[in-house]
Amino acid sequence: MQMPEPSQAIMNQREALAVALRQIVGQEWVISDEAERRPYQCDGITAYMAMPLLVVLPGSAAEVQQILRFCHERGVKVVPRGSGTSLSGGALPLEDGILLVTSRLCNVLEVDAPNRVARVQPGVPNIKISEAVQHLGLCYMPDPSSQLISTIGGNVAENAGGVHCLKYGVTANHILGLEAVLMTGEIIRLGGAYLGAAEGEMDLMGVLTGSEGLLAMVTEIAVRLEPVPEVARVISMSFPSVEEACACVGAIVGAGIIPAGLEFMDRKVLDAVSVLIRETFDSNTAALLLCELDGTAVEVDALVDVVSDVARNQGAIETKVSTTEEERQRIWSSRKLAFSAIGKLCPDYYCTDGTIPRNKLPEVLNKMADMSVKYGLDYANCFHAGDGNLHPIIMYDAAKPGDLEKAEAFGADVLIACVDAGGVLSGEHGVGVEKRDLMTHQFTDIDLNQQQMVKCAFDPAELLNPGKVFPTACRCAEFGRMHVRNGAIRFPDIPRF
Amino acid sequence: MTQTETVCLRPASTQDVADIVMDAAAAGQTLAVTGNGTRSGFGNPVKADRTLALGGLDQIAFYDPEDLVIRTGVGLTLDELEHMLAAKGQYLPFEPPRYTGLYGTDAQRSTVGGAVATALSGPRRILSGAVRDFVLGVEGVNGQGDVFKAGGRTMKNVTGYDLSKLVTGACGTLAVLTSVTLKVLPAPRAELTLVLPARTLEDDRALFEKIRALPLGVGGLARRVGADGRCEVIIRVEGTAPGVAGNHQVLEALLPTPPRVLEQEESQALWREIRELSCLTPKADELVWRVNLPATAMPAFVDEARRAGCINRFFVDWAGGVVFSTMRGVQPEVDVLRYRKMAEKIGARSMILRAPDAIRSQFGAFPPVAAGVAALEQRTRTAFDPAGIFNPGRMTVQA
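If you're matching them up, the sequences are chains A and B in order.
Each residue of the first sequence is one higher than the one before, counting from 1 in UniProt numbering.
Each residue of the second sequence is one higher than the one before, counting from 1 in UniProt numbering.
Note that these hints are calculated values from the structure, not bench results.
Take these hints with a grain of salt, some might be off.
Some chain B residues near chain A, calculated using beta-carbon distances under 10 Å [stated by the list, open to error]: (1) P65; (2) A107; (3) R109; (4) R125; (5) A150; (6) S164.
Note that beta-carbon positions come from the ideal geometry of N, C-alpha and C, so glycine has one too.
Only chain A is shown next, with the shape it has when bound in the complex:
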């Protein structure tokens, strides 16, 4: 993974920068010691590592403001980081940049139950929001599987999804207001702490959400709270073939039902989890669907009947419906344990998140089987079927020379197949460094240039999280002066990282 060449001049100033930053945040909140910086070398993708120049932990938005202003003046790059659970390398440090960590910005500032909103700092773990409002019968809906650890600030940066986003939407649909600091140290406030606070405003909040820390450092978030659904029930449906399971996904939605979650697991995943949950699956089962339905008891009972009928008509071998909360949890445990179960089968695995139109599921899944043969690597499938969000789990052994490269190439081939099927590179993990060089497969140079122009509006010096998302630098200064007609590459001479 090629990153922008680190500046030796900046790296030589390490000690002086540490002294200056300590004056802003206090002695103990700048980590300079190499051993203490080591845990910050990577995020959720451990294959990519870099030692950050310094790790800085601000305690307030005012401190963030001073840090960014200082770094802007000195030309020091900044990489924002929450809990470091990114699966795309979004928080991968830079050797000539500081890592700005939100761990100390971890307070739920206000819960406004009547207006159904909470104001929180970016370092609050996702789950803590729901916990803080549980006694009011409310929750924060988006629930990425990292929710115990991942922060709401990171969720905003990546526009995180989760199991329930088919029905309830992703992070962007639940953010009402943001306070953010631009690289210059300027604080901006968008939207506010009520539904509709952003009406009539350019949707800068929309573009900040999911911008992977490239546009601004978010320091406060107003999130929408929802009442906890009265009942949730899950139906487990086993199918004799992958095709029939995929067809059932379309048939459920076609029947006018939007489940709270709709997950797919193939036979390999089932075999792996059956050991852990001490349960066996029918030997004729090739794929399993888990469909969660929530709402009021009456509503859910009605929907359970419809989905069960659909499943039978689509050739399900067996359907099991949870009748108690305990049963629901037990049925879900197979899905929740899927990744750790696969982890026991192989030394390492690699998982991407390309997303496709639902009706292309069989086509892309078949291609994966061919790729597995081509690369000689085994794989398993466990994904969010309802929204076509694939999670191929490619198994490899990092100790074997060339295995990691083969796994990466396999993963890239899957992502390219997703784009070719009318889908996208990333449904929920983000582009980061992982998919950066594949962006040209999904977007034209003009598309990418238009996105990068937005970067220029926010951070023309390109000091915030550079080297992520886009395969080339922006060259903000040239915009508007050059113009090449449609189709031609606008800046053919820009070196790729």
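Assemble the complex: chain A is given as a structure, and chain B must be docked to it using the hints.
Then chain B, alone, in the frame of chain A:
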């Protein structure tokens, strides 16, 4: 508007749009970008050299009901789109209003591009989300005549910046949209509306709060003056038939008085009226406002504004989170500023939905934003349209 005097260009394809924009950019000419022009009265008046009318871009690229997605040219009318979705039992959950009653234009000609450009969401916003939440992708032409796309057609997508959200609600000031890809949903099988006499604003707001605290899927909570001149509270429940029946019972137990019950068509007709602000019946010289605010601040705000003469008639939607009102046109220069100040004091967002051109030009139809945000908005506009040729002044007040 000066559009009637200017040349009107009617492209039939994205390439036509790109050519027109490139020519305009080369000639240093500005463009008033519009669909069929039914909402030209929304936002600030635009003075431009030419008009670019996109009503001809009405081809549907695809509609995939099983995948809950449709991609269409921006010129398709909302009526046609909704009709086509309804044939498959689907709908646009954000319930786009036309507001053509305010502007004296033809509701049937309002386009999907206009819905995305204005980002106006209807009563179901409290349950289902806003326009922005359903725009999966766009194709457009920037100020240099480049055709670009953003987003995609999948339900989930975090690949690159979400430019689709950015252009939604930008009133055509960033780019000329040529096609949009929208997420659609199955329409609820059953709906039911409960109507009961209103009490004080605070009583009704508290009732809304109580109802919204329950997970009943209530997709409409409004308070308005009814046909008989009396104020009424209106509650909409949607879902499966058994679900709606169950929620109906739960709700009745919460209500202070037994409600009148409207089913299916009757319910739908009532919510169309609410969506279109019909009960405001503004007089020709009256201004029409929308104020978004925290629901808890609504009763005191309305009382104060009425006492100050800034609100003449009004009604409340979004469970108390939005106030639509009329303002007498006697001394608008004074009242506009007073009303805005009242809104600003409580962090509310005030938008003029209808007013004479001179008023909107002077004060701006959109709520004022902080200087730093305004500067960032301007830099963002420049990033799309460096010469500022699209809809000049539509969202900003020229100093």
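Hints, verified against the model:
no.: 1; hint: P65; verdict: holds, 7 Å
no.: 2; hint: A107; verdict: violated, 22 Å
no.: 3; hint: R109; verdict: violated, 24 Å
no.: 4; hint: R125; verdict: holds, 7 Å
no.: 5; hint: A150; verdict: holds, 7 Å
no.: 6; hint: S164; verdict: holds, 8 Å
In this structure, the hints that do not hold are numbers 2 and 3, in rising order.
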